[in-house]
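Undergrad: Protein chains in written order, with the numbering used here: chain A, 1 to 664; chain B, 1 to 324.
If you are wondering where the hints come from, they were derived from the structure by calculation, not from laboratory data. Where hints are given, some of them may not hold.
[Unchecked claim] Some chain B residues judged to face chain A by a derived CB distance under 10 Å, without partners named:
no., residue
1, GLY153
2, THR162
3, PRO238
Note that CB positions come from ideal geometry on N, CA and C, so glycine has one too.
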Amino acid sequence: MTATRVRKRARPNAMLVTGLVGLTALFVLAVVAPWIWGDRADELGPSVHLGSSGEHWLGTDALGRDLFARTLVATRLTLELAALATAIASIAGTVLGTLIWVSGPRVRAVGLRVVDVMISYPAVILALTIAAILDPGPKACVIAIGVAGCPSFARLTANLAASVAGRDFVATARLLGVPSLRLMRRHILPNIAEPLLVLVSVSFAHSLMALSGLSFLGLGVQLPDYDWGQLLSTGLQSLYTNPAEAVGPAVAIVLAGLSAGFVGDGLAARAASTSGNSAAVKPGSRKASASAPVATGTDHSVPDDAVLVVSDLRVRRPDGTALVDGVTFHIGAAEIVGVVGESGSGKSLTAMAAARLLPGGLRAEAHALELRNPGAEPLALAAPGRDGAAVRRRLATEIGIVYQDPSASFNPALRLGGQLTETLRVHLGVSRREARERAVEQLEFVRIVDPEARLRAYPHELSGGMRQRAMIASALLTRPRLIIADEPTTALDVTVQAEVLALLRAANRRDGTAMLFISHDIGVVTDLCDRVLVMYAGRLVEELTAAELRDGHARHPYTKALLAATPRLEPDGEADGKLDAETGDGLLAAIPGRPPQPDERPAGCAFADRCAAVLPVCRDTPPPVRVLAPGRTVACHLPETGAPVPVQAGPKAGRHDAAVEAVG
Amino acid sequence: MAVLDEAPPWLGFAARRLGGVLLVLTALVVITFAIVQLMPGDPARVAAGANATPDQITRMRHDLGLDRSVPAQFVDYVGNLLHGDLGRSFHTQENVADIVADRLPYTAELALLGIVVILVVAIPLGMLVAVLCQNGRRRRLDGAFTFVTGFVGSTPEYVLGTLLVYVVGIKLGWLPVAGAATVDALVLPVVAISLGPVCTIARIVRRETAVVLGQDYFRTARGRRLPARRLYLRHALPNLLTSTLTLAGLLLAGLLGGTVIAESVFAWPGLGTRVVEAITQRDLPVVQGVVLVLGSLACLINLLIDVVLGLLDPRTLSGKAAGS
Ligand code: SF4
Numbered sequence: 001m002t003a004t005r006v007r008k009r010a011r012p013n014a015m016l017v018t019g020l021v022g023l024t025a026l027f028v029l030a031v032v033a034p035w036i037w038g039d040r041a042d043e044l045g046p047s048v049h050l051g052s053s054g055e056h057w058l059g060t061d062a063l064g065r066d067l068f069a070r071t072l073v074a075t076r077l078t079l080e081l082a083a084l085a086t087a088i089a090s091i092a093g094t095v096l097g098t099l100i101w102v103s104g105p106r107v108r109a110v111g112l113r114v115v116d117v118m119i120s121y122p123a124v125i126l127a128l129t130i131a132a133i134l135d136p137g138p139k140a141c142v143i144a145i146g147v148a149g150c151p152s153f154a155r156l157t158a159n160l161a162a163s164v165a166g167r168d169f170v171a172t173a174r175l176l177g178v179p180s181l182r183l184m185r186r187h188i189l190p191n192i193a194e195p196l197l198v199l200v201s202v203s204f205a206h207s208l209m210a211l212s213g214l215s216f217l218g219l220g221v222q223l224p225d226y227d228w229g230q231l232l233s234t235g236l237q238s239l240y241t242n243p244a245e246a247v248g249p250a251v252a253i254v255l256a257g258l259s260a261g262f263v264g265d266g267l268a269a270r271a272a273s274t275s276g277n278s279a280a281v282k283p284g285s286r287k288a289s290a291s292a293p294v295a296t297g298t299d300h301s302v303p304d305d306a307v308l309v310v311s312d313l314r315v316r317r318p319d320g321t322a323l324v325d326g327v328t329f330h331i332g333a334a335e336i337v338g339v340v341g342e343s344g345s346g347k348s349l350t351a352m353a354a355a356r357l358l359p360g361g362l363r364a365e366a367h368a369l370e371l372r373n374p375g376a377e378p379l380a381l382a383a384p385g386r387d388g389a390a391v392r393r394r395l396a397t398e399i400g401i402v403y404q405d406p407s408a409s410f411n412p413a414l415r416l417g418g419q420l421t422e423t424l425r426v427h428l429g430v431s432r433r434e435a436r437e438r439a440v441e442q443l444e445f446v447r448i449v450d451p452e453a454r455l456r457a458y459p460h461e462l463s464g465g466m467r468q469r470a471m472i473a474s475a476l477l478t479r480p481r482l483i484i485a486d487e488p489t490t491a492l493d494v495t496v497q498a499e500v501l502a503l504l505r506a507a508n509r510r511d512g513t514a515m516l517f518i519s520h521d522i523g524v525v526t527d528l529c530d531r532v533l534v535m536y537a538g539r540l541v542e543e544l545t546a547a548e549l550r551d552g553h554a555r556h557p558y559t560k561a562l563l564a565a566t567p568r569l570e571p572d573g574e575a576d577g578k579l580d581a582e583t584g585d586g587l588l589a590a591i592p593g594r595p596p597q598p599d600e601r602p603a604g605c606a607f608a609d610r611c612a613a614v615l616p617v618c619r620d621t622p623p624p625v626r627v628l629a630p631g632r633t634v635a636c637h638l639p640e641t642g643a644p645v646p647v648q649a650g651p652k653a654g655r656h657d658a659a660v661e662a663v664g
Numbered sequence: 001m002a003v004l005d006e007a008p009p010w011l012g013f014a015a016r017r018l019g020g021v022l023l024v025l026t027a028l029v030v031i032t033f034a035i036v037q038l039m040p041g042d043p044a045r046v047a048a049g050a051n052a053t054p055d056q057i058t059r060m061r062h063d064l065g066l067d068r069s070v071p072a073q074f075v076d077y078v079g080n081l082l083h084g085d086l087g088r089s090f091h092t093q094e095n096v097a098d099i100v101a102d103r104l105p106y107t108a109e110l111a112l113l114g115i116v117v118i119l120v121v122a123i124p125l126g127m128l129v130a131v132l133c134q135n136g137r138r139r140r141l142d143g144a145f146t147f148v149t150g151f152v153g154s155t156p157e158y159v160l161g162t163l164l165v166y167v168v169g170i171k172l173g174w175l176p177v178a179g180a181a182t183v184d185a186l187v188l189p190v191v192a193i194s195l196g197p198v199c200t201i202a203r204i205v206r207r208e209t210a211v212v213l214g215q216d217y218f219r220t221a222r223g224r225r226l227p228a229r230r231l232y233l234r235h236a237l238p239n240l241l242t243s244t245l246t247l248a249g250l251l252l253a254g255l256l257g258g259t260v261i262a263e264s265v266f267a268w269p270g271l272g273t274r275v276v277e278a279i280t281q282r283d284l285p286v287v288q289g290v291v292l293v294l295g296s297l298a299c300l301i302n303l304l305i306d307v308v309l310g311l312l313d314p315r316t317l318s319g320k321a322a323g324s
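Between the sequences and the hints, there should be enough to build the whole structure, so can you do that?
TA: Okay, here's the thing in structure tokens:
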């Protein structure tokens, strides 16, 4: 839900470039080295086991041959063998994978299972086996390493083919009766070339190291031929006399492996970034947002019994862009306040700021952001720095949070009981037994049957609705002063939504818990809440009571558009024609256009581009925030929005009455 | 819907895993049997030695049962295996079972210590870096970590081993560089085989931790304002271990391969040095026996990882895919 913008960065991929440069250099070396240094590498010299010197950079070996030249010359054989092994692995593996994929579902399942088992078998041991069968030597090793690399290619090919095969054009081709093999060759292989290429480079690195390893063991390249592994093994033996002897081949092996690995990583990173998955926060570009000229009245209407006080709250990204821009409101004791708006309006960030639980990197600033408690000091929620134990305890016990997606908000690896009772046990030192008893009590309150058994269950063993009710029970366990519910019904289907709303209302009535309820659904908000805040592009555009909203007294063009776009929730709770519950996209369909991005908000009214009533002044002057009555504000240039409000519509008028009966 | 009262999920899990193990063991037996069948040339000639007369070779062929049909030989082979008979070395006439019993403890010691070191070092290291660098903080530390682990992680164990022998063993003279006579002789081989995997797995842990820290359930845990230790150990560790072990399982099983190679660097008297010797001598029964044992070990490590995964994540037991 963060409004952090996803940006593709067209940065040259340093890793890929480095890797390619390294590999190219090695291949050039492989071609030219034997011509240039070939003679020198085989030339027997008078001085054996010479240390490093100006003439022989890496010294000489047991026969007086120059080791630097030998290392360079060995490049060709080493790379040749590695390339051969990679070729065997990729060709045989791709063919195997293709065969597995085209051979029907039953064989495919078994084939993939076998491939998995093969992958989990150490390649070196397989290579030793094959080397034993074939008589040690470079041929045996290349075949061995090639065969050992096959399963990875087979699995990748089969998996990718399966994923590509699900796409439309392949389905169409199949409908037209294109045979499987041809489908593979013409339509699928071209589409999976990139991941295969990544694997080829990784596999080349692995082959090179494994082959050098086998030569190092004396099973690969045999004298008088030599590759890096063979040179290294001789180097190891003369480590006491001439340590420089091992340096050349060791460095060469590492560099070659690194280069090939870089190419693989770089290709993979590029593939990942072109598929647009980097949620990178744009660096630099300190674009100070134009602050609202009118600070909404400071404490003009905050009652003494307020539980949450928010004054001029701003939530900023690291680059300074304000995602929430000057929001002021309060929640009275036992009051349910709803915040409604499209996604990206800043409503969830407002809630998370109030919960002191902003995603990393975002920071909250406010004139005041505090949780009030008659028996204690106000708890500052926007204070910078770390919280001490006492503050943490108050945060954990005085604020209960109900999150949006119940299936993702419980830890899948832990039993429900431990998660529900954790706050009690950690912060209040309640004994295990008592904590469980209290958890059972709350689970009964949210109408979960057989609560003892549920406490022993894992989250995945419960249905989505049950998980959200358990989440509510968890939030209620410490008898908090405030419950913050961030789109608690969005991920649920309609019937379950009604249950969850009824539970929240029941909790509010039983404990007098104040509530901050976030939703994109103005119908639900009207129904549940006492007062409603409408947010657009990080700011409050209207504040009014639910009764006024119900009676059609909304004044801001955006609120009106929201209402017009929303089918009303019927009084009996049967929500017919709810919005697309997942995203609230129904709203966007009904109000043309999209809200501006946080760093592109205009100087004037952010709604101007979509507003039917837009005036010339709207474009460059921010609309004034007009306080019509306590708890009744509107931010718009239209003159009629500033007209005096009828007296009876106070902040608490019409509280509950209709709302309670609606779903109760 | 809730599925609470069905057959215990671990039953199906155990059945599936046992099936996998049997499959691998069967394949191993077939492959090791095939070593003798597939080798080009005449195993009997190899067994009898270079200077054997045709007569001796014929006798050897008969002794080894190579003159019988392939299925009959296979039945014999399996029967002998079940009796713990792995045959005799062509060269020393020793019992292969004795050779294995003699060498296995050294290799197992090295590999198990390696696994312990890898897990004990890589997991805290990766978590620490991930926690310190979350939300793009401490970019320099992150860069250094990525660079160093990338570099060391792609350095093969025989290169690392050679380097260690030179620096620690020869230059500094702190530790013995060969043999297994003393306890401190273990240090360098264990470091050599575990350093690379430590780096690679620490990178995996770093990435997986970052994923977990961004999960909704981790935010729920943060919302409970738990002390840092409880937050990371209880709410992040089990989840990141699941994904990490799934990815790292291959590396841990592959560690056996690294051990085989590293043994040669340090003249470690384990199965690795013995099998290399046997391969160069074409001592097929020894190769067969060692490959069988190493393969079973790899299979055992995989099984252990699966069991740990099952314990960590209840969802893997029921065969459901993790994640939402
Ligand atoms: S200020 Fe102007 S553009 Fe904005 S909502 Fe009011 S009328 Fe529309």
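Undergrad: Confirm or reject each hint.
TA: Right, here's what the structure says about each hint:
no. : hint   : in the structure
1   : GLY153 : holds, 9 Å
2   : THR162 : holds, 5 Å
3   : PRO238 : holds, 4 Å
When the structure is compared with the earlier hints, no violation turns up for any of them.
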